[in-house]
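Asker: Now for the letters of each chain:
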Amino acid sequence: MPEETVITVENVDAGYEDVPVLRDVTFSVRRGEVFAILGGSGCGKSTLLKHMIGLNPPLKGEIRLMGDRIFGGAQEESARALRHFGVTYQSGALFGSMTLLENVCLPLESFTDLPPEARNLVAEMKLELVGLKEYADYFPSDISGGMKKRAAIARAMALDPALLFLDEPSAGLDPVTSAGLDRLILRMRDTQGVTVVMVTHELPSIFAVADRCVMLDKQTKSLIAEGPPADLRDHCDNETVRGFFNRE
Amino acid sequence: MPEVARLSREDSLTLDAGNIVTCDGAGEALIVELYRRSARQGFAITCRDGKGIVSRTLGLFSVDRFAEDPGQAVPIRNTHTSVQLGQAAVSIWKDICEQMAFLGELMVSAATLLARPGRLRLHDTMLHFERAGIDALPITLVIGFLLGLILAFMSTTSFRQFGVEVYVANLIAIGLFRELGPLITAIILAGRSGSAFAAEIGTMKVNEEIDALVTFGLPPVIFLALPRVIAATLVMPILSIFSIMAGLIGGAFVVTSLGVPAITYWQHVISSTTLNNILLGLLKAAVFGMLVGIVGCSHGLQTGRTADAVGRAATAAVVGSLILITIFDGVFAVLFYLLKI
Numbered sequence: 001m002p003e004e005t006v007i008t009v010e011n012v013d014a015g016y017e018d019v020p021v022l023r024d025v026t027f028s029v030r031r032g033e034v035f036a037i038l039g040g041s042g043c044g045k046s047t048l049l050k051h052m053i054g055l056n057p058p059l060k061g062e063i064r065l066m067g068d069r070i071f072g073g074a075q076e077e078s079a080r081a082l083r084h085f086g087v088t089y090q091s092g093a094l095f096g097s098m099t100l101l102e103n104v105c106l107p108l109e110s111f112t113d114l115p116p117e118a119r120n121l122v123a124e125m126k127l128e129l130v131g132l133k134e135y136a137d138y139f140p141s142d143i144s145g146g147m148k149k150r151a152a153i154a155r156a157m158a159l160d161p162a163l164l165f166l167d168e169p170s171a172g173l174d175p176v177t178s179a180g181l182d183r184l185i186l187r188m189r190d191t192q193g194v195t196v197v198m199v200t201h202e203l204p205s206i207f208a209v210a211d212r213c214v215m216l217d218k219q220t221k222s223l224i225a226e227g228p229p230a231d232l233r234d235h236c237d238n239e240t241v242r243g244f245f246n247r248e
Numbered sequence: 001m002p003e004v005a006r007l008s009r010e011d012s013l014t015l016d017a018g019n020i021v022t023c024d025g026a027g028e029a030l031i032v033e034l035y036r037r038s039a040r041q042g043f044a045i046t047c048r049d050g051k052g053i054v055s056r057t058l059g060l061f062s063v064d065r066f067a068e069d070p071g072q073a074v075p076i077r078n079t080h081t082s083v084q085l086g087q088a089a090v091s092i093w094k095d096i097c098e099q100m101a102f103l104g105e106l107m108v109s110a111a112t113l114l115a116r117p118g119r120l121r122l123h124d125t126m127l128h129f130e131r132a133g134i135d136a137l138p139i140t141l142v143i144g145f146l147l148g149l150i151l152a153f154m155s156t157t158s159f160r161q162f163g164v165e166v167y168v169a170n171l172i173a174i175g176l177f178r179e180l181g182p183l184i185t186a187i188i189l190a191g192r193s194g195s196a197f198a199a200e201i202g203t204m205k206v207n208e209e210i211d212a213l214v215t216f217g218l219p220p221v222i223f224l225a226l227p228r229v230i231a232a233t234l235v236m237p238i239l240s241i242f243s244i245m246a247g248l249i250g251g252a253f254v255v256t257s258l259g260v261p262a263i264t265y266w267q268h269v270i271s272s273t274t275l276n277n278i279l280l281g282l283l284k285a286a287v288f289g290m291l292v293g294i295v296g297c298s299h300g301l302q303t304g305r306t307a308d309a310v311g312r313a314a315t316a317a318v319v320g321s322l323i324l325i326t327i328f329d330g331v332f333a334v335l336f337y338l339l340k341i
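Quick mapping for you: the protein sequence lines, in order, are chains A and B.
Be aware that the first sequence starts at 1, since it is given in the numbering used here, and climbs by one per residue.
Be aware that the second sequence starts at 1, since it is given in the numbering used here, and climbs by one per residue.
This is chain A alone, in the form it adopts within the complex (with noise of 0.2 Å):
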């Protein structure tokens, strides 16, 4: 595993309007492998995760995106790190007013000059990608919850990102499905070389492709473990983590 660092947080201290969620929280992410923030509902998990894609500023801290600042920096180094990944949101937030190939030619209409033909030969490999180039005339409302993840993951591919967010990729999916994206997440990080950062607490997926992970406490308002998934659930001495990983 290289270890080459593409994401560090670093004294963040997360949360809304300053009542923080969490406090003090510090960790890495190396290039090219899928990383989880784990932890119960309202730990702060999603707070930290807007943090890292600069929809939200933290209270306090630092996050840097292949080194370069999202909040606290020069006006161009925001716009170069917001140029640096790619996220999906937990209801995939197509836009319902297009089809499939339009949404994933979104992207590539506003930030490439590539010409139109080029765009849809690019947006159908995006949606071959990840199984869809049939349904590419089709609209959000017409597929299923895991076509939508699945074309949500195509169209935040399209520029082709160095990172990738995933917000709850599994929430709302059966196993079947979700096991499905969980081979797909790391298809797209073997073959494009993405490295893929996914907030969840669905425990199958967290086995199933998490690399390292951290966990997060709402009790504790802290960052309270982190490693790979299975050495946590075998050998971390936290309680909570203990309680999280064996359903207590």
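Read the hints as simulated data drawn from the structure, not as lab findings.
This one's a predicted model, so the numbers in the text were calculated from it and none came from an experiment.
Take these hints with a grain of salt, some might be off.
[Said to hold, decoys possible] Only pairs whose alpha carbons sit at most 35 Å apart, straight line, appear in this in silico DSBU-like list of lysine-lysine: (1) B:LYS51 x A:LYS133; (2) A:LYS60 x A:LYS50; (3) A:LYS218 x A:LYS50; (4) A:LYS50 x A:LYS133; (5) A:LYS221 x A:LYS50; (6) A:LYS133 x B:LYS340.
Let chain A serve as the given structure and place chain B on it in line with the hints.
Answerer: Positioned in the frame of chain A, the structure of chain B alone reads:
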């Protein structure tokens, strides 16, 4: 690419990817495009693939799967006028059918409500009454006042030529009570509350709240539509009265400033305001209110499951309400003429 397009079976193309270390989506698309053209045009490709980028790409994306021209992949929207006209006609017919079905369902629900009045959500009805009525009062008063003002200005110019500007008061009173008061208030209600009804219910549909109601065994028409329709029907006559009063004050403002004594103006207003005129105006207002409520709720319940569908439902609710208000206004005019009232 134009040079590549000219290549034929006798030609060969050298693809030198020997020094390429990484390849993004656009690069992969270029590789696939070259091999696709090679398959179509018959020219040979000699590839130097030192780092295995080309073979990796061709392994990931089978060229056969991208046989058609990607330019054709964008869904073609038929823009032919005759097709669009046909589609519009079908859409209008479908809309009429849906409105009729909704009206039928609403009537049945209202009938069941008569048998069991306790099923009406009185709290919701009052809430919509407040939102559609009390909250709309300032804009209704302002528009009503300006309408009276404009009406007085326009008619005074003509009436003065005949020296009968005092009769502007009669025109304003009859016009506002019988026609313009209910009409302008209905337009305000359609724009303000009709669209809100459609958007609220449409958003509930998108969020599957309507599905939840149905599975609870709560008919959405009784639970959501009836309180709104009843509130709109009841609130319209009251809003109309306020709008008419504001219009009369607006008229008085202009007429008195042009030299007609205020007492004369109000005497003419009172003399031309018959009980018939007031009741007909209020009847029209109630019907217009009911139409706005029905169309708004109907479009809300027929919303699709996407965010833009909510916007379309709100627009359709306003447009539909305005069309129906105009049609019914015409029907009332003919009816009152035939009945000589």
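Asker: Run every hint past the structure and note whether it holds.
Answerer: Tested hints:
| no. | hint | verdict |
| --- | --- | --- |
| 1 | B:LYS51 x A:LYS133 | holds (28 Å) |
| 2 | A:LYS60 x A:LYS50 | holds (14 Å) |
| 3 | A:LYS218 x A:LYS50 | holds (17 Å) |
| 4 | A:LYS50 x A:LYS133 | holds (30 Å) |
| 5 | A:LYS221 x A:LYS50 | holds (17 Å) |
| 6 | A:LYS133 x B:LYS340 | violated (68 Å) |
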